[in-house]
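So you can see what is in the structure, the chains are spelled out below.
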Amino acid sequence: MSESSIPLPGGLPGTTRQDARSGALGSVVELLHEWVVTVDHKQIGILYILYSLVMFVVGGIEVLLIRLQLAGPMKHVVSAEVYNRLFTMHGTTMIFFVAMPIFVGFGNYLVPLMLGVRDMAFPRLNAFSLWLTVFGGLLLNYSFIGGTGLQGAGTAPDVGWFAYAPLTERAFSRGHSTDFWALALIVSGFGSLGAAINFITTAFSLRCKGMKLFRMPLFVWLMVVSSVLVILAVSPLTAAQFMLVIDRYLGGHFFDTQAGGSAMIWLHFFWIFGHPEVYVLIMPAFGIASEVIPVFSRKAIFGYPAMVAASSCIGFVSLSVWAHHMFTVGMSAPSNAFFTLSTMLVGIPTGIKIFNWLATLWGGKISFSTAMSFSLAFLFQFLIAGLTGIMLAVAPFNWQLHNSYFVVAHFHYVIVGAIVFMIFAGFYYWYPKVTGRMLDEKLGKLHFWLFFLGFHLTFDVMHVPGILGMPRQIYTYEADRGWGTLNLLVTIGSFIQALAVIIFVANLVISYFRGKAAGPDPWDAWTLEWTTASPPPAYNFAVEPVVSSARPLWDLKHPQDPD
Amino acid sequence: MLRNRFFAMALAGLDSQTSIFSPQSGPARSIKAVSLLTLGVTSVIFVVVASLLLYAIVRFRRRPNDDGSEPPQVFGSTQIELSWTIIPVLIVTVLFLTTTRVIFEIQDAAKPKSAIDVTVVGHQFWWEVRYPGFHVTTANELHVPVSTAAAPTPTFMKLTSADVIHSFWVPQLAGKTDLIPNRINELWMNPEATGIYKGQCAQFCGTEHALMLLRVYVQTPEEFAAWIRQQQMLAAVPASDAAQQGRREFETQACINCHTVNGTVANGRFGPDLTHLMSRDTLASGAAANTPENLARWIDDPDMYKHGSLMPAMHLTKTQVDQITAYLVTLK
Numbered sequence: 026m027s028e029s030s031i032p033l034p035g036g037l038p039g040t041t042r043q044d045a046r047s048g049a050l051g052s053v054v055e056l057l058h059e060w061v062v063t064v065d066h067k068q069i070g071i072l073y074i075l076y077s078l079v080m081f082v083v084g085g086i087e088v089l090l091i092r093l094q095l096a097g098p099m100k101h102v103v104s105a106e107v108y109n110r111l112f113t114m115h116g117t118t119m120i121f122f123v124a125m126p127i128f129v130g131f132g133n134y135l136v137p138l139m140l141g142v143r144d145m146a147f148p149r150l151n152a153f154s155l156w157l158t159v160f161g162g163l164l165l166n167y168s169f170i171g172g173t174g175l176q177g178a179g180t181a182p183d184v185g186w187f188a189y190a191p192l193t194e195r196a197f198s199r200g201h202s203t204d205f206w207a208l209a210l211i212v213s214g215f216g217s218l219g220a221a222i223n224f225i226t227t228a229f230s231l232r233c234k235g236m237k238l239f240r241m242p243l244f245v246w247l248m249v250v251s252s253v254l255v256i257l258a259v260s261p262l263t264a265a266q267f268m269l270v271i272d273r274y275l276g277g278h279f280f281d282t283q284a285g286g287s288a289m290i291w292l293h294f295f296w297i298f299g300h301p302e303v304y305v306l307i308m309p310a311f312g313i314a315s316e317v318i319p320v321f322s323r324k325a326i327f328g329y330p331a332m333v334a335a336s337s338c339i340g341f342v343s344l345s346v347w348a349h350h351m352f353t354v355g356m357s358a359p360s361n362a363f364f365t366l367s368t369m370l371v372g373i374p375t376g377i378k379i380f381n382w383l384a385t386l387w388g389g390k391i392s393f394s395t396a397m398s399f400s401l402a403f404l405f406q407f408l409i410a411g412l413t414g415i416m417l418a419v420a421p422f423n424w425q426l427h428n429s430y431f432v433v434a435h436f437h438y439v440i441v442g443a444i445v446f447m448i449f450a451g452f453y454y455w456y457p458k459v460t461g462r463m464l465d466e467k468l469g470k471l472h473f474w475l476f477f478l479g480f481h482l483t484f485d486v487m488h489v490p491g492i493l494g495m496p497r498q499i500y501t502y503e504a505d506r507g508w509g510t511l512n513l514l515v516t517i518g519s520f521i522q523a524l525a526v527i528i529f530v531a532n533l534v535i536s537y538f539r540g541k542a543a544g545p546d547p548w549d550a551w552t553l554e555w556t557t558a559s560p561p562p563a564y565n566f567a568v569e570p571v572v573s574s575a576r577p578l579w580d581l582k583h584p585q586d587p588d
Numbered sequence: 022m023l024r025n026r027f028f029a030m031a032l033a034g035l036d037s038q039t040s041i042f043s044p045q046s047g048p049a050r051s052i053k054a055v056s057l058l059t060l061g062v063t064s065v066i067f068v069v070v071a072s073l074l075l076y077a078i079v080r081f082r083r084r085p086n087d088d089g090s091e092p093p094q095v096f097g098s099t100q101i102e103l104s105w106t107i108i109p110v111l112i113v114t115v116l117f118l119t120t121t122r123v124i125f126e127i128q129d130a131a132k133p134k135s136a137i138d139v140t141v142v143g144h145q146f147w148w149e150v151r152y153p154g155f156h157v158t159t160a161n162e163l164h165v166p167v168s169t170a171a172a173p174t175p176t177f178m179k180l181t182s183a184d185v186i187h188s189f190w191v192p193q194l195a196g197k198t199d200l201i202p203n204r205i206n207e208l209w210m211n212p213e214a215t216g217i218y219k220g221q222c223a224q225f226c227g228t229e230h231a232l233m234l235l236r237v238y239v240q241t242p243e244e245f246a247a248w249i250r251q252q253q254m255l256a257a258v259p260a261s262d263a264a265q266q267g268r269r270e271f272e273t274q275a276c277i278n279c280h281t282v283n284g285t286v287a288n289g290r291f292g293p294d295l296t297h298l299m300s301r302d303t304l305a306s307g308a309a310a311n312t313p314e315n316l317a318r319w320i321d322d323p324d325m326y327k328h329g330s331l332m333p334a335m336h337l338t339k340t341q342v343d344q345i346t347a348y349l350v351t352l353k
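Protein chains in written order, with the working numbering: chain A, 26 to 588; chain B, 22 to 353.
Mixed in with the good hints there might be a few duds.
Partial selection, computed: residues in chain A whose CB lies under 7 Å from chain B [said to hold, decoys possible]:
1. L192
2. A331
3. A358
4. A362
5. S367
6. M369
7. S392
8. M416
One-sided excerpt, in silico: chain A residues whose CB lies under 7 Å from chain B [to be verified]:
9. C233
10. G235
11. N428
Rather than coming from a laboratory, the hints here were simulated on the basis of the structure.
From the three backbone atoms N, C-alpha and C, an ideal C-beta is built for every residue, glycine too.
Excised from the complex, chain A in its bound form:
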């Protein structure tokens, strides 16, 4: 304890942003200029998050149209073509331009603060990655007006977010919409790789004094695991996109089955990306859970080394499970058995994580803040998502469930029930740090309960039509199949979720102006970001902190009982 020193929060005179702007707020142009050219990890983090929120609304509107179309059999809200574009854009937007960048945003803001340093390892690479990601999303959405050239109606890509070849070849996908899709993902893929390199380098070479690897907050560990997976998984996706563009423009035949190409190669390339991608997204969500749950249980995380080991293990195993997305492509029986086993193995380290969170709650004093409510709901929902994952790992069960609404329900349980819930938890937990003001807890609770209700109405019910034989990505269905009522319930649930999101956005805006002042450490937490002012000054820490455990603030607050 004696060797650690935590500086008191507060700025040095003449160094805050307001001071730099010579007292006045500065003109809009000045402000804009500052944000566009910034290399500060906190500003870049905020930009990532704001950008993701805008895309979240775009993807959300797309899915509401989808749900209106499916609310009953043989409806004509949108045409078949428009529907196909909508689900392609919804999936691509939510994965690549919401979930990925929002965690890069959280990571950017928090990793240097948690490590007690002043910025990321490569600040300019950081800014470059941000603008590549932003450009990728704009490029994708520009296809709405430019997909077939500016003559005639625009057309967004309509090949599904996993865009199976040879449907993406020129013979079957004319115009430029598929090119927009491929190029957008190439561009944003480079952005993701840049961000991943930055996180890994920062964590391994830029920690404050005393911050050994096994004293890093778990959130940082999980950003590292996620980043390693990004490097391993996004590279093959980018390679595949290049091959696709070569096929479409340079006469290549990688996936061109009419000229001897292989449809199978795309499947392998896509899913060797696609499955680790799930873990790229869930790791930071685990990270947030591992910060929020201990603080609101008032207990240290249970089994810290086991948590790090389990996460790395999940990451490693996740690289060998990709073909469980391909049980129906006619693999041999031994291959199907192998991927059944490797997929089930993921359940073991995942189980360890759930039990460790449970053990963290055990014997604690749990308070139900909004951040904690989202985290507790996450535990149940992630448990269910994991168990339906086991069902899908059973190859024969998968032969029935694959590409049905059961799968759609399963992965939304992961992506919404686990990941989006933890994103919301992260907002309620760190918003005070970022803005200096608390998010309103009353609106927060309303947001939580509405979203919780809407989520369960939508995605619990959605499993059933899959069991009743409803395939995904169909724009309509016959009345006699018995899917109508169920789909109506799903649609109602999706609008309840939309209402909850509106309340959330309102809360973000209202609290920014009217929220209670937060102070440096509103949650009585233990990691380094809570030692500095809210919002932190540009240099983060006036004096570089020195730590002697994984919970430096605990040591400071309990000098008689340090970790």
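Starting from the structure of chain A, add chain B where the hints point.
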């Protein structure tokens, strides 16, 4: 009242003719068995873990009279962590071994001599069905004989595609298998009861993926044999004037570039074989009932039933449409 109605509807829904839990064929039955086992195991895990979580949340909530002190800090326990590693390992082992048995049972099933061979070729957005042993070609409606333990006549299918990836899925008969260009996949089923089984394409394949519907007609061996004999006949020669006119129109328009009518000059392979068109119940891969009125409308403007169908509207006059319809309805 409303609740009762809701449950009645929910139950009716669960009894759906495409439910994976009402199997009518061997593979679907094996899948159901292993699925129920998996559901059972995962349900037990859910109940145990969710109860523990719920208990912890309620039991260890902060009380109103809390003194504000921090609870004892526990950092881990090797014994406990080992135990919750070993139990999942055991569960995974059991599930994996059971699953593997079913995988091999279904995938490596021996093909008896009495099996019926069928080739299914996926097209945007319809199914070409061929019976190589009988020299019969049809579309969208697959006829197979019922298979009994005493006289097993399972159907062994070879699946491939003429364009993009499709997926053959009739939930009550077997799990789905993809139809992939440049590749031949296999799928078998031994339906236990006669009837019509519905399914549809389960891999997004383009604009009209949703209306790439599929029907399997399971018939008694006698009915099946009669159906095969009927399908093997050459096309009927039209008798009426209108029908003869229609045949001339059909054969001088672009129709014959894509469609085959056995015994005539029409030998296109791009669209469905029309030799026995009127023996089928549906048009456009299940998008409409096969009635003369629907057929005329379909010829006039395919987009009306199936927006994005690759059959073009030929801009025929009403007389031409009527004549061609008159011809086609003779193709029994």
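Each hint, compared with the structure:
1. L192: Cβ of L192 of chain A sits 4 Å from chain B, so the hint holds.
2. A331: This interface hint holds because 5 Å falls under the 7 Å limit.
3. A358: For A358 of chain A, the interface hint holds, since the closest Cβ of chain B sits about 4 Å away, which is under 7 Å.
4. A362: holds, 4 Å
5. S367: violated, 10 Å
6. M369: holds, 5 Å
7. S392: The hint holds - S392 of chain A has a Cβ within 7 Å of chain B, the shortest such distance being about 5 Å.
8. M416: holds, 5 Å
9. C233: Check failed: Cβ of C233 of chain A comes no nearer than 22 Å to chain B, outside 7 Å.
10. G235: violated, 18 Å
11. N428: holds, 5 Å
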